[in-house]
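Work out the full structure: start from the sequences and follow the hints.
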Amino acid sequence: MLSGHITTIGLDSFGFGVAGGKGIGNLIAGLATSPVSAAPDATGKLKTLSTIASYANYLHWWNKQLRSAVGFGHAQVTNVGGQTATAIHYTVSGLCNLVWNPMPGFGVGLEYLYAKRKNKNGVTARTQGFTSVSSSGSPDRHGGPVLRWRIRLPSCRPGVLEPLHQAVCRGRSPPWATGGNDLFILPQYTR
Numbered sequence: 044m045l046s047g048h049i050t051t052i053g054l055d056s057f058g059f060g061v062a063g064g065k066g067i068g069n070l071i072a073g074l075a076t077s078p079v080s081a082a083p084d085a086t087g088k089l090k091t092l093s094t095i096a097s098y099a100n101y102l103h104w105w106n107k108q109l110r111s112a113v114g115f116g117h118a119q120v121t122n123v124g125g126q127t128a129t130a131i132h133y134t135v136s137g138l139c140n141l142v143w144n145p146m147p148g149f150g151v152g153l154e155y156l157y158a159k160r161k162n163k164n165g166v167t168a169r170t171q172g173f174t175s176v177s178s179s180g181s182p183d184r185h186g187g188p189v190l191r192w193r194i195r196l197p198s199c200r201p202g203v204l205e206p207l208h209q210a211v212c213r214g215r216s217p218p219w220a221t222g223g224n225d226l227f228i229l230p231q232y233t234r
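The opening position of the sequence shown corresponds to residue 44 in our numbering, with each subsequent residue numbered one higher.
Just so you know, the hints here were simulated from the structure itself, not pulled from any lab data. Quick reminder that beta carbons are idealized off the backbone N, C-alpha and C, glycines included. Hints are supplied without guarantee of correctness; some may be wrong.
FRET-style restraints, in silico, Cβ to Cβ [to be verified]:
1. Phe57 to Ala85: 22 to 30 Å
2. Trp143 to Thr167: 30 to 38 Å
3. Thr127 to Leu54: 43 to 51 Å
Keeping only pairs whose Cα atoms sit at most 30 Å apart, straight-line, the calculated BS3-like set for lysine-lysine is [as the list claims (entries may be wrong)]:
4. Lys90 to Lys65
5. Lys88 to Lys161
6. Lys107 to Lys159
7. Lys65 to Lys161
8. Lys163 to Lys65
9. Lys163 to Lys88
10. Lys65 to Lys88
11. Lys159 to Lys90
12. Lys161 to Lys90
13. Lys65 to Lys159
Shown next as structure tokens:
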């Protein structure tokens, strides 16, 4: 994996990453809940699956209390014959937000997200909607408290997007919005 974080102007920053290889699907946040590291081929022999993923994001501070982030993420799996028709072939997602920090360690804002998934059988599904972003609670790496919640999206229908549907529609952060060493789009920034 190659990734980086570059401070551009003032507090603004650009983040990016790309990862690829065989058998790494479970290490990529957008694919981690799906069996995408290995699968049987048409003859039943277990094959490691080739995966490539990328992300890019930009954080812009409008002033000391108002910030926005935009991000994009992509993951693609080379499917084999023995996988089910609903196996993930690719996912793509993006977001933008506007967050107001009236005091250090507390932020409130709106976030628009869009995600698309295409299965091995060619069936595609999309989800989109607005979520709220807030922070309070335990300290984060910048010394401010962080606890985020997301509003259930009105377009959530069981069975439409799995596992993305599970993450977004059941109140957890979407797979591409996680931190740590996983692939992510939106770092959990606070001032």
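(request) List in ascending order the numbers of the hints, as given earlier, that are violated by the structure. (result) 1 and 6
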